[in-house]
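Going line by line, the protein sequences match chains W and E.
Quick note: our numbering has the first sequence finishing at residue 1670, numbered continuously throughout.
Quick note: our numbering has the second sequence finishing at residue 185, numbered continuously throughout.
Any given hint could turn out to be false.
Stated by the list, open to error - Distance ranges between label pairs, derived from CB positions:
1. E:P182 / W:Q1378: 52 to 62 Å
2. W:F1547 / E:N142: 14 to 24 Å
3. E:S38 / W:R1411: 52 to 62 Å
4. E:K184 / W:H1622: 51 to 61 Å
5. W:Y1492 / E:G111: 38 to 48 Å
6. W:T1499 / E:P182: 31 to 41 Å
7. E:G111 / W:L1470: 29 to 39 Å
8. E:G68 / W:G1606: 48 to 58 Å
9. W:P1407 / E:N101: 37 to 47 Å
10. E:N32 / W:D1573: 28 to 38 Å
11. W:P1407 / E:P182: 24 to 34 Å
12. E:K89 / W:I1495: 21 to 31 Å
13. W:S1550 / E:N32: 23 to 33 Å
Rather than coming from a laboratory, the hints here were simulated on the basis of the structure.
Just so it is clear, CB atoms sit at the ideal spot from N, CA and C, and this is done for glycine as well.
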Amino acid sequence: MQTQLIAFLFLLFFSTGIEAQDDLLSLLGEEKPKKERIKSAFKSPRVINAHAMEFLNPGTMDFRILHRFGTLDQGYKNFFGLDQASMRMSFDFGVLHNLMAGAGRSTFKKEVDAFIKYALIRQSTGLSSSSPLTLAFVSGVTVDGLPWSDPARENYFSSRLAFYHQAILGRKFNESFTLQLMPTMVHKNLVQAASDPNDIFAMGVGGRLKLSKRMALTWDYTHVLVGMPASGYYNPLSIGLDIETGGHVFQLHVTNAIGMNERAFITETTGQWGKGQIRFGFNLSRTFQLKKTKIN
Amino acid sequence: MKKSFFILLFGVCLANLANAQKLFTKAGRIDFNATAPSSPETIQAVNRTVRCVLDAANGNMQFAVLIKGFTFERALMQEHFNENYLESDKFPNAEFKGVVSNNATVNYTKDGTYPVTVKGKLTIHGQTNAVETSGKIVVQDGNVNATASFSVLLADYKVAIPGVVADKVNKTVKIEVACNLEPLKS
C-alpha cells in the first residue's frame, strides 16, 4: 500500500515536470489561416513601358523620370545615342490597395497622359477562396501637344486625344518569376492617313525574373494584332534590369520604342531590333510616403 | 501513517493545481527600432499580435510572432523588410523559447514589481541564438504584465544590410516586448 502511494506521489510530481517542458504555444491552438495578398510581383508598378500587375501602396506617390536615348546604330558620332534624349516625367498615386492613378508628360509629341488602374481581383494566398491571378484594368488618355500640322484648316481639341484600355492578367508564380498578359485596345481620334485605322488591338506580355534580392530581369512586348499602320511601324520590345536601392528603383533597359505612353509605344514604334535601331533607356522611380501609417 | 500520506497527497495535488497556472496573451506588443544615428528616416515597426505563454510554475516562457504582422510608417519599408531583409515568405515566424531564471522570486498572486532575468533561444530569419535579458513582471490586481527590452545584432541572424542603406539601418536593433498576460483556462 505504502509503495503504491509513493509511486503515485512520484508520478504526480513527475507529471507537472513533463507537462511544463511541452510546447507551450501549442496550448493557444492553431492560428486561423488568413487571406494574404501577394506582394512584390514587380519592383515597380510598370514592367518597363507597360503597366504591371503590381500596385502602389495606398498613401504613396511614385515620382518617375524616364529617359530614352538615341538609337545605338548611330555609332560613336552620337555616342551610341546618348547625345540625344527623349523623356517623360510622371506622378503616380496609390489610392487603395487596388486603385491607383497617375499623370505624366513626354517630350515626344509634347504629349500629356493620364491613367487610372483598378484591380478587380488580386492574387492572394491563405484560403481556398484565394485567387491565383491578379486581374486589373487600366484606362488612359493621351493629349498630343504639338502645334497643328495644318493651322489653316479648322482644328478640334478632340483631334489631339487618344484613349487606351487594357486588361492585365498576371501571376507571381514564385518568389522570382512573374508573368502577365495584357490585351489592349488603343483608339486614336485622328490618324495620319485616311487608310490608317483608328482602333488598334494588341496583346502584350510582360515578365520578371529575379536575379538577386535587389535585381531583376524584366521584359515587355506588345504585339499589334489588328490595325498596325501600313509600313514603318514595329512591335515594341523592351528588355531591362531592375535595380532597387532603398527608396529608388532604377529600370535600365534597351528598347526599340521611343514613346513612353501606351499610344506612343504601341502604335508609333519605328525602331527595328534587327537593324540595331534600339535605344538605351532608364526609368527612375522614387516612392514617397504621403500618408504615414500610425504605429504608436 | 496512512492518513498523513493522504494529507500529503492532497497537498501535492493542490500545489500542482496552483502551479499549473499558465498565463498567456495573443495580443502582446513588440516594438523594434533599427534607425542608424545618421539616418534621416526612422526605421521602426510595431507588432500587436504577439503570442506568449508563461508557465508560472517553472518560469518557462515562449513567444511567437508573425514577421508579416509588423507595421511600419512607410509602406515601402515594410515591403522591403519582408522581401529583402527578413524574407518572411521563407521564414514567416520569429520565436523565443526560454525561462525566467529567477522565477522562484516572483509571486504571481501578490501585487508587486518583480525584476526578472530571462534566458533562452531566439529564432529570427531562421537563425537561432542564445539571448539573456533583464525584464520586469508587474502583478497588479491579478493582472500580470511582462516587459523586457534588449538588443540584437543583425549579423547574428544573417540579416544583411547592403552598402547603400548602411547609413540608415543600424547594425544592432533595439527590441521592446510588452505582454499583458491572462490565465489560460485549459
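These are the hints, each one checked on the structure:
Distance hint for P182 of chain E and Q1378 of chain W: a CB-CB separation of about 34 Å, inconsistent with the stated range 52 to 62 Å. Checked against the given bound of 14 to 24 Å, the beta carbons of F1547 of chain W and N142 of chain E, roughly 49 Å apart, lie outside it. Look at S38 of chain E against R1411 of chain W: about 29 Å separates their beta carbons, and that is not inside 52 to 62 Å. Distance hint check: the CB atoms of K184 of chain E and H1622 of chain W are about 52 Å apart, consistent with the given range 51 to 61 Å.
Here the CB-CB span from Y1492 of chain W to G111 of chain E is close to 57 Å, at odds with the stated 38 to 48 Å. At about 35 Å, the CB distance of T1499 of chain W to P182 of chain E agrees with the hint of 31 to 41 Å. Checking the proposed 29 to 39 Å range against G111 of chain E and L1470 of chain W shows it is violated: the Cβ atoms sit about 49 Å from each other. Between G68 of chain E and G1606 of chain W the CB atoms are about 55 Å apart, so this pair conforms to the stated range of 48 to 58 Å.
The hinted range of 37 to 47 Å is satisfied by P1407 of chain W and N101 of chain E, whose Cβ atoms lie roughly 39 Å apart. At roughly 56 Å, the beta-carbon separation of N32 of chain E and D1573 of chain W lies outside the given 28 to 38 Å, and the hint is violated. In this structure, P1407 of chain W and P182 of chain E meet the distance hint of 24 to 34 Å, their C-beta atoms being roughly 27 Å apart. K89 of chain E and I1495 of chain W have their C-beta atoms about 26 Å apart, which keeps the hinted 21 to 31 Å range intact.
For S1550 of chain W and N32 of chain E, the hinted distance range of 23 to 33 Å is satisfied, since their beta carbons lie about 31 Å from each other.
This entry does not satisfy hints 1, 2, 3, 5, 7 and 10, going by the numbered hints stated previously.
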